[in-house]
Amino acid sequence: MGSLSDPLPPLHYPPARRDYSVVDDYHGVIVSDPYRWLENPDSEETKAFVEAQAALTDSVLAECGERERLREQMTKLFDHPRYGTPFKRGGKYFYFHNSGLQAQSVLYVQSDLDSEAEVLLNPSALSQDGTVALSTVSISRDGKYLAYGLSLSGSDWVTIKVMRIADKMPEPDTISWVKFSSISWSHDGNGFFYGRYPAPKEGGDVDPGTETDMNLNHQLCYHFLGTDQSEDVLCWKDPENPKYFFDTIVTEDGKYVTLAICEGCDPVNKLYYCDLSTVSGGLHVLKGSKDMLPFVKLVDNFEARYYVVANNDTEFTFLTNKESPRYKLVRVDLNKPEIWSDVLPKDQNDVLESAYAVNGNQLLVCYLSDVKYILQIRDLKTGQLLHNLPIDIGTVTGISGKRKDAEIFIGVTSFLSPGIIYKCNLSSTAPEMKLFREVSIPGFNRDDFHVEQVFVSSKDGTKIPMFIVSRKDIILDGSHPTLLYGYGGFNISLTPTFTVWRIVLARNLGFVLCIVNIRGGGEYGKEWHKSGSLSKKQNCFDDFITASEFLISSGYTNSGRLCIEGRSNGGLLIAACINQRPDLFGCAIAHVGVMDMLRFHKFTIGLYSPLHNVKRPWETPSDSSCQYPSTILLIADHDDRVVPLHSLKLLATMQYILCTSLENGPQKNPIIARIARKAGHGAGRPTPKMIDEAVDRYGFAAEMMGVSWND
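Residue numbers for the sequence shown follow my numbering, beginning at 7 and rising by one.
Wrong hints could be hidden among the right ones.
[Said to hold, decoys possible] Below, a list of computed lysine-lysine pairs in the DSSO-like style, where the Cα atoms sit at most 30 Å apart:
#1 Lys53 x Lys695
#2 Lys536 x Lys621
#3 Lys261 x Lys94
#4 Lys674 x Lys53
#5 Lys465 x Lys621
#6 Lys342 x Lys328
#7 Lys410 x Lys342
#8 Lys276 x Lys342
#9 Lys410 x Lys440
#10 Lys261 x Lys296
#11 Lys408 x Lys352
[Said to hold, decoys possible] Here are the simulated distance ranges between beta carbons:
#12 Asp348 x Val460: 47 to 55 Å
#13 Ala412 x Ile255: 50 to 58 Å
#14 Gly96 x Val445: 44 to 52 Å
#15 Gln544 x Thr626: 33 to 41 Å
Derived by calculation from the structure, the hints in this document are not laboratory data.
Here a beta-carbon is modelled for each residue, glycine too, at the ideal position from N, C-alpha and C.
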């Protein structure tokens, strides 16, 4: 357990009322919930608690001496041009670009790759503080209209607007209360499909992102350009299953719209389809009608995931994990729905991450092999391998190309590469990955660093992959400050990506940077995910703790200089690990974590509950001197995915049990929270706010672990 190099003055934690009258009965087990009042973000008591905690944190951060040098270096390194993967619609090219320190990336358009690009939409101009973010864009097939979703202050709620591309003039269309939805244009360009929830009870007075009610009764709608949202066609709803939510894809031939029905975050869905040509008179006839689209049920259970890759009229190709935890491609004719055949069988080792129909009858497939990406061109009809597309070890960040296109673009990044975009012409006999655009950062030399991947044996013997990034030629003497990051949930894979913060930590503070791929993620498919979920969630914590012990025993660091970090589900991971092994860490950073698992189902979305497992480690016989590591919880006031109450209740609980309930107790390491204003779960955060948060959390870690600047 790490201790402060120069202890801070004793902290005076704000008092927080404990209401012992609030109890719950969980199957005969009585559980007290004394901070239930913090679940109301609008109460004056909660607001006062938040303000007092913010003042305490400001006083601690003011003592963190490396923050200004971190700010200078992070700002300098972040000030470099960044580009998104180009995509083509209606004969035009579109891409996102940030010149460096712009609050939000800008959407550009150009008539061809050699012409001058023009700004199509600059989200940074939509608010003074950059907190209006562009969350999704969709361009009509003819390239005439841009439909785009705007989110405010990091909320998951989206408002859809429409723009004419030719003259960049806005249309009057405004679509509200959209969440977790794509925008799918019909081929006639008359409108698009989208998903929405009913407006909250508070109606227009609610501040989107601050409500805590669970979203229920999702609806699939179709919006006609130039009309009011009240006139939109209700295409599908399922009031008997209020937790279901829907997503649609209009097939590339424009004939079908598919409906994916989900209930949670597991990689499973039902799949329905509608032949739009069977809707007599078109979608217009449904305006004002109670009739919904005549969807046909192709898959009506939650046994597997199905994602449309391509279709030849009634013959559909899907990406699925049906009887294939690492995914495969299958084919079915809608006229013979009982007959399914494999196009690309499951691989014994690698996960089939994605597949795209390109260049007529070819497939661009993307595999994940031991957390490293592999790209291949295969035959759409037979699945036969045609070409391997070589890329460096890293992450594929973007693939764009349609079935009619021989030209595709592929974006790649890695721990030491901020971004490369390749252009590939598939019409040639031997397709070549030609460099289209590469990001370079003045003052950054990748040759100064070393990356390796190791495999660590977890508690039950399972091999857990972990990437380690450090300066070259470090001596493994156990002295290096080390940052270990993990997630382990929701079938999400942590793959090699470039992060300015990590580079500054390694270069200027001597950090070793580690990303561990614990179970619960998607790195090895469905079984890997399930082996870290629900009743097996402890495997996640065991994997992470084992990785921590490896870093210490291998001489990278010691417990006083090991900082652990995680976001969202990873925030739960961090809280659980400091509960279970407080002796192992010097500092803990938990972002927007899911902390109250007993009441998680009652709030929005996200079996171990960190909130209910905070204990005084010094009361265990093994180590009477042990305390919790220095801990900072990162909270966002507009987080409507993992609402702030999770971290607020954990904060109050930790401060009480470890600190304020005792006079002159052993807990000297600070337990604080950084509460971001006008911020959400993470997506769409403006550049200045990202830099501010990175400076604070890593400045805190450096101070708590006694790390000094390397010039």
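Hints, verified against the model:
1. Lys53 x Lys695: holds, 22 Å
2. Lys536 x Lys621: With Cα atoms ~29 Å apart, Lys536 and Lys621 stay inside 30 Å; holds.
3. Lys261 x Lys94: holds, 21 Å
4. Lys674 x Lys53: This hinted pair holds, its Cα atoms lying about 26 Å apart.
5. Lys465 x Lys621: Since the Cα atoms of Lys465 and Lys621 sit roughly 23 Å apart, the hinted pair holds (cutoff 30 Å).
6. Lys342 x Lys328: holds, 18 Å
7. Lys410 x Lys342: holds, 27 Å
8. Lys276 x Lys342: holds, 18 Å
9. Lys410 x Lys440: At roughly 20 Å apart (the allowed maximum being 30 Å), Lys440 and Lys410 satisfy the hint.
10. Lys261 x Lys296: holds, 23 Å
11. Lys408 x Lys352: holds, 24 Å
12. Asp348 x Val460: 47 to 55 Å: With Cβ atoms ~35 Å apart, the hint is violated.
13. Ala412 x Ile255: 50 to 58 Å: Taking Cβ atoms as reference, Ala412 and Ile255 lie about 23 Å apart, which means the hint is violated.
14. Gly96 x Val445: 44 to 52 Å: With Cβ atoms ~28 Å apart, the hint is violated.
15. Gln544 x Thr626: 33 to 41 Å: Cβ of Gln544 to Cβ of Thr626: about 19 Å, so the range 33 to 41 Å is violated.
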